Amino acid sequence: MSKLLIAKNLHASTADKELLHGIDLRIDKGETVVVVGPNGAGKSTLARSLMGVSDFDYSGSISFAGKDVAKLPCEERAKLGMFLSYQDPVAIPGLPVGEMLRSTIEAHGKKVRLREFKLTLAKYLEKLDLNPFSGERELNVDFSGGEKKKLEILQMLMLRPQLAILDEIDSGLDVDAARLVSRVIREYQDETNCSLAIVTHNMRILQSLNVDRVYVIRDGLISCVGDVGMLEDIRKHGFKNA
Amino acid sequence: MASKTPKGLTPEIVREISARKNEPKWMLEFRLRSLRKYLAMPMPSWGPDLSELDIDNIQSYVKPRKEMVRNWKDVPDDIRQTFEDLGIPEAERAGLAGVGAQFDSELVYHNVKSAVANQGVYYDSIENAMHSKYRGMVHRYFMQLVPPEDHKFAALHGAVWSGGSFVYVPPNTSVQFPLQSYFRFNAPGAGQFEHTLIIVDEGADLHFIEGCSAPKYNIANLHAGCVEIFVKKNASVKYSTVENWSKNMYNLNTKRAIVEAGGKMEWVTGSFGSHVSMLYPMAILNGVGASMEYTGVTFAGEGKDLDTGVKVVHLAPRTTSYINAKSLAKDGGKNTFRSLVKVTGRAKNAKSFTDCQSLMLDSKSTSNTVPKFDISCSSADIAHEANVGKISEREINYLRTRGLSEDEARALIVRGFTNDVSKELPFEYAAEMNNLIRLEMQENM
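If you're matching them up, the sequences are chains A and B in order. Read in my numbering, the first sequence has 48 at position 48, and its numbers run on one by one without any break. Read in my numbering, the second sequence has 385 at position 385, and its numbers run on one by one without any break.
Bear in mind the hints are in silico, worked out from the structure with no lab data behind them. One or more of the hints may lead you astray.
16 Å max Cα-Cα, derived EDC-like pairs, lysine to aspartate or glutamate [claimed, not checked]:
id: 1; chain 1: B; residue 1: Lys-390; chain 2: B; residue 2: Asp-362
id: 2; chain 1: B; residue 1: Lys-423; chain 2: A; residue 2: Asp-57
id: 3; chain 1: A; residue 1: Lys-148; chain 2: A; residue 2: Asp-88
id: 4; chain 1: A; residue 1: Lys-123; chain 2: A; residue 2: Glu-138
id: 5; chain 1: B; residue 1: Lys-342; chain 2: B; residue 2: Asp-374
id: 6; chain 1: B; residue 1: Lys-37; chain 2: B; residue 2: Glu-52
id: 7; chain 1: A; residue 1: Lys-79; chain 2: A; residue 2: Asp-68
id: 8; chain 1: B; residue 1: Lys-423; chain 2: A; residue 2: Glu-99
id: 9; chain 1: B; residue 1: Lys-342; chain 2: B; residue 2: Asp-305
id: 10; chain 1: B; residue 1: Lys-423; chain 2: A; residue 2: Glu-138
id: 11; chain 1: A; residue 1: Lys-79; chain 2: B; residue 2: Glu-406
id: 12; chain 1: A; residue 1: Lys-71; chain 2: A; residue 2: Asp-57
Which stretches of chain B does chain A cover? Using the computed rule of at least three CB atoms under 8 Å from a CB of chain A, they are [stated by the list, open to error]:
id: 13; region: 197 to 205
id: 14; region: 416 to 423
All of these numbers come straight from a predicted model, not from anything done at the bench. Glycine included, every Cβ here is placed at the ideal spot set by N, Cα and C.
Only chain B is shown next, with the shape it has when bound in the complex (with noise of 0.2 Å):
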């Protein structure tokens, strides 16, 4: 069987990906839905331009030449290095309760530590649960939030996912470290579509980073991942993103999470890679007291178009939700921050914030703030601000006074800028978002 499938997209492609898979017969049947689905949808009409995706030509399925390994030594020596040098490894060392790294269309890599194994957490490749005592875990929440009706990158995800992981954490559990899983894209031409399926039982607590990069090449590339997770009543889940695309990527993944009563969804956020981003983080509020917050940064420099933002619905009373929104315009980059705050007629005395900051750092990049609001609530407390700024001379020349040159001023003054977002991270993965900054500042300087 050849490693890659053919470009573009039919039954037959669909179904050698689950034979591949030795999927049973209900994932079949949900791919060819999701693949009818994807068929009938039109291209979304709005956001950024996507006339220059041309999905026939995409690759949806790239195999590394060997199986899942739970050994850092097993890997490839060509993948090993890959991932030695984005530091996977020593992060997993450093402080990280299990691992995941996935190579194009498959995980090459997975572990988890045995004392969070002890725990009862299962963590593992989604393909590895489909068959494992949570397949009925699988089958009940796979794509339930996320359904290949919601738009057409869903549906194209459903009919050809692949890679990604599979998280349960049974009830009052509190997982002291991270799990990670990170996404490394290298076939040129082709498309990654891994699924995140997170499960966190009632009083659990869960953090789960993801990162993502790839190397530039001449045509595009398509990201249309997929990240559910369910926080069960009293159970907080933060999902930590820093995404690194490189210039020719397309990114439309969607990330969703319901809540029950009580519990709580973080999203953290730094986005500063890829040639276009659709991406709008969603919470649904399910339950009494259910909270959100979403803390996120997006830098779009050169020939960046990244529409991002974030999405809540209040569907019960005294829920909260919190939206701290960052972007960064350079170089004729352009931002759109998107939202939605939607609070239904059951969701008495819920609350919602948000506060969405942009810095202009010229004035050939643009930025765009896109809130809505649907609120059916009358004793809702609904709060939105919105400014748009530039650097000003005054604190570049107070910094330059102390032995800064302007461009260390202005990196450094962007940091500051981007606190918000970093002190949410481990130290790590902060180091690496300030590393991307500052790799964003100093390109074109």
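Here chain A stands alone, though its shape is the one from the complex (with noise of 0.2 Å):
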């Protein structure tokens, strides 16, 4: 498999502390990654490192297909095809999520045909059993907490990454959203060969999907990588042996 992400060396600081302290990371195109750690190990911010949110200072290398992106804005790491769900999405009273969306693809340099982009967005609502209007309600207010990650996949769906990081996407999601969360994920992944860089605490939106590599980050390192058995001694003894 080619070469999708590798991250090598990658710190991330506040003022007064640093959070990761020199990671190594590969993710391969069409391969499922996934990121385990207990609480604080720094899941999220290894998460929103290889995004780019510029809430901390980095240093390391990031390359994704083919090019280095250490040094580039998260919105452009966007547009070269990087997505990140995130575990708290952000409400923005009044504005729409479909004219959010609308505004986000035309700002990837796709021109928006609006009959197609209607189709397109309440197919994607329908498979994620959202309300068919939520398209013309305002993003992330008054939705409940699983439909706000249902909105981040929609997004997802919407914008067609190469690679989808997506942070404790299955919280807040009952047993049988989880489920179709999951079995959308696959059908995307099925369809585009995208990368998934799965960071979960509680892995059950991995039920659907086939694992490549598991990672597991303690205290803000790569302490252990592994195959997908791994996981099931994790499941089974919390992360004391990884």
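Two independent chains are provided; combine them into the complex using the hints.
Structure follows, in structure tokens:
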């Protein structure tokens, strides 16, 4: 498999604290990589660092699709095909979901044909079992926690990234919704051969997915890299052996 | 006769304007009475600084080169091109019941679709109305809601008004498409004083749209128009304005409606331009169950002092008012939201809710909220919410991770903030308003 993303010696810090202490990570094209770890290990920081969200200082190298993206702002990484779903999606009062998506697709340099856009949006809303009028509602305002997570997946489906970094996408989803979202992600991956970086604590989202590699993160460092079998061990024994 | 009156204001100028319009005697007397009031009244001692507005230096009347026409092709080429650029005839074709286009002091074009005229709707210049079968109505209603004694600029308006529209909608008539007046101000150093008089009879409804713009000059221009709306029993009027005056404009406009029992008045306002604005649309709720809604957005960019708001007077039982005001300030702009909710002792069980939100786009701009409540009825239900906020980094970062630049993210967040207003407007005007927001956001970036 060809390499899609390679991060080397990745550090992230705030003004007074280093949160990631030199992480190496690789994601190949079409691959599903899982990042697990106990609370506070640095999982979300790693997800945000890969995307380049500007709330930390970073150092280290990141290449994506053969390009050095370490110095690129997150919007440029998004345009190259990276996507981050948020653990806590941000509410933007007054801004309809559909309008945000249309503007974003245009920002990616793609022409939006309104009729086609509406049909696609309706198709994905139905697929995710979201209210058909969700596109007219304000982004992440008055949606339930589970619906907000589905809206993150909706954005992924509409923006069609090569790499989706999904940060705790299953938190807030009930059992049926987690199964549905897992299946939708799998279908998208089958359709596009995209790569997935799944940051998860409770691992429910993995049920429909074929995991290629598992990274265990502890105290801002990768403590262990293994295959899908390692997840079974973690389920049984927690992180004490990882 | 010269096409412009001399600068400054004298009884001779007022007589000249009146003579040009071949006005009845009562109107000339009204103008002269207004002039006396104007000369006797002081400048406002509150609100934005008006010290640089030298009214003696303002041209009160500028006549276009041609009389008003009813065929778009007959409008002089350069004036027609100005309105073509503003999309006026296109909007008329797209879905307006009638259009009036004013260039400086006079209407240059006025037309109403035959289907609407056949309903008995009258829409014409106020000058023509004064000589039509509606002359009695003009006499009875003209400046009754906004008398010259109201304030100095109302008196000025009464003395030198010119242009504007008269609308009469007969009882139980629903005007399916909006009527629109567009005011274009092209003469440097001049004043525009159009008068809009709307009477919507019992059980009828109307949507009226007003658009305003002007190019920028180095000397002050003054807009002191006046809008009076009479909403009869169970009638309903929506009055929408998208205003984009240039940065040298003093926009001291007065808008007022009186609403009878069961009637409804809706103000929808987008204020983007002018150097100084003082604009507070008002509704007098005069009959049982009358209501008013105000939805407005004001965007104060660099060098702008926009003092806007709304006033409502509850005079009758079970009257209701809802005020939803949004303001944005950027690049040192100054916004002041000023409101008055007055509930008299007769207005039993009146309800009023004011929601006022301000968004600061940087730390050098100013946003003030000055609400005033004068409640004389113990059964009134009055609520007020206000907040001033900034765009959060979290919101910007969220949109940036989707592929929007920081500026694009800010503009989209602002559009969301103002969506309440744009969704109240017909599509073309919502698009124009969004475009004005985009231009404001781009300025100085």
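Tell me, which hint numbers fail for this structure? The structure breaks hints 2, 4, 6, 9, 13; every other hint is satisfied.
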